[in-house]
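Quick mapping for you: the protein sequence lines, in order, are chains A and B.
Counted from 1, the first sequence has number 93 at position 93 by my numbering; the numbering is strictly sequential.
Counted from 1, the second sequence has number 155 at position 155 by my numbering; the numbering is strictly sequential.
Hints may be right or wrong, so weigh each one.
Note: identical chains are not told apart, hence a pair may lie in one copy or across any two.
Said to hold, decoys possible - Derived DSSO-like pairs: lysine-lysine, alpha-carbon spacing no greater than 27 Å straight-line: (1) Lys44 x Lys117; (2) Lys51 x Lys117; (3) Lys51 x Lys2; (4) Lys2 x Lys44.
Just so you know, the hints here were simulated from the structure itself, not pulled from any lab data.
There are 2 protein chains.
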Amino acid sequence: MKLPVSTEWVLHCASTLAQLEPGTTASAAQLVEYYDLPAASLAKQLQALVKAGVLSATPGPRGGFRLARPATEITLLQMVEAVDGVSDPYQCREIRQQGRGALPADECRSVCILAEKMAEAYNAWRRSLAGVTLADILATLPPSAPARTRSRLTVAARSATE
Amino acid sequence: MKLPVSTEWVLHCASTLAQLEPGTTASAAQLVEYYDLPAASLAKQLQALVKAGVLSATPGPRGGFRLARPATEITLLQMVEAVDGVSDPYQCREIRQQGRGALPADECRSVCILAEKMAEAYNAWRRSLAGVTLADILATLPPSAPARTRSRLTVAARSATE
C-alpha cells in the first residue's frame with residue numbers, strides 16, 4: 001500500500017505557496033528549483049491541484065500558482081486525493097460468491113462484512129487527513145519561516161529567468 | 001494506494017478456518033476449491049499467515065491449516081500486515097532538505113510535520129483494523145453459516161483427493 005512519491009511534493013509545494021504574500025504567485029520553475037524536483041512531473045501534479053480546486057494558476061510570464069482558497073479551507077485529504085484519487089485500498093472482488101463455497105446472490109445484497117470493516121479503516125484514515133488544514137501546518141512552523149521561504153523562492157525565480 | 005488482491009483471500013480463508021470444529025483443519029486444496037483461487041498464490045499467502053502466527057500448519061496427507069490462536073485474538077490488522085507488511089503508505093524522502101529551499105540538517109532533527117500528520121492518519125487506519133477480531137466477524141454471520149461452511153469444505157476435500 002503506497003501513495004505516489006509526488007504526494008510529498010504537493011504537500012510541501014502547497015505549504016510553500018501558503019507562505020506567499022497575498023496576491024503573489026510562484027511559478028512551477030521556482031517550485032522545481034526550491035525543492036529540486038523533476039519539472040515535468042511536478043507540473044503535472046500542480047495541474048492536478050488546480051483541477052482539485054486547491055491551487056489557481058495565472059497564465060503568462062508573470063503568472064504562477066497560488067492557493068485557490070484560504071489555508072484554513074485546504075486539507076491534507078484534498079491534496080492527497082488530488083494526486084492519488086479516492087479509492088479504498090482494499091479491493092473486494094466478491095470471492096464469497098465464487099467456488100464451491102459460493103453464497104447465493106440473494107445473500108450478498110449487502111456489502112461483505114470484511115469489506116465493510118476495511119472501509120471503516122479507510123474512512124478513519126480519510127477523517128484523520130480531513131482534520132488537518134494547511135493553516136494547521138503553517139501554525140507549527142517557526143515565525144521566521146515565511147520570510148525565509150519567500151526569499152529563497154525569489155532567488156530561485158531570478159535564477160530561473162536568467 | 002492499493003492493498004494486494006490476496007488481502008481479500010486471506011481475510012476470507014481465515015474466517016472460514018475460524019468456523020471449523022475444534023481440532024480439525026482444512027487443506028490449501030480445500031480452500032482453493034472453496035473460493036476458486038489460484039493454488040500457488042494462495043499457498044504462499046497461507047504460509048505468510050503461518051509466519052505471522054495467525055494460522056498453524058499441520059504437515060502430511062491428513063494435515064492442513066487451522067487458527068493458531070482463538071478467533072478473539074486474531075485481528076484484521078494482523079492478517080492485512082501478514083500480506084502487505086507494515087509501512088506507512090506515505091513516503092517522506094526529506095525533500096525539505098534539498099534544492100534552493102533546503103533547510104539545514106539541524107532544523108530537521110524531528111520528523112517533518114507533514115510526515116507526522118500522514119503517520120497519524122496511517123495509525124488511525126491501523127487502530128481501526130486492530131479493533132476488529134475474527135470473532136467479531138463470525139458474530140455477524142447467520143447461525144447456519146458454520147455448518148454450511150464445513151459441509152462445503154468437506155465436499156471440496158473429497159473432490160480434491162479423488
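The hints, checked one at a time:
Proximity of Lys44 and Lys117 under a CA criterion of 27 Å is satisfied inter-copy only: 24 Å between copies versus 34 Å inside one chain copy. Taking the shortest alpha-carbon separations for Lys51 and Lys117, only the inter-copy value of 24 Å comes in at or below 27 Å, while the best intra-copy value is 31 Å. In the homo-oligomer, the alpha carbons of Lys51 and Lys2 lie at most 27 Å apart both inside one protomer (23 Å) and across protomers (23 Å), since each shortest distance falls under that limit. Taking the closest pair of Cα atoms, Lys2 and Lys44 come within 27 Å of each other both inside a single copy (19 Å) and across two copies (22 Å).
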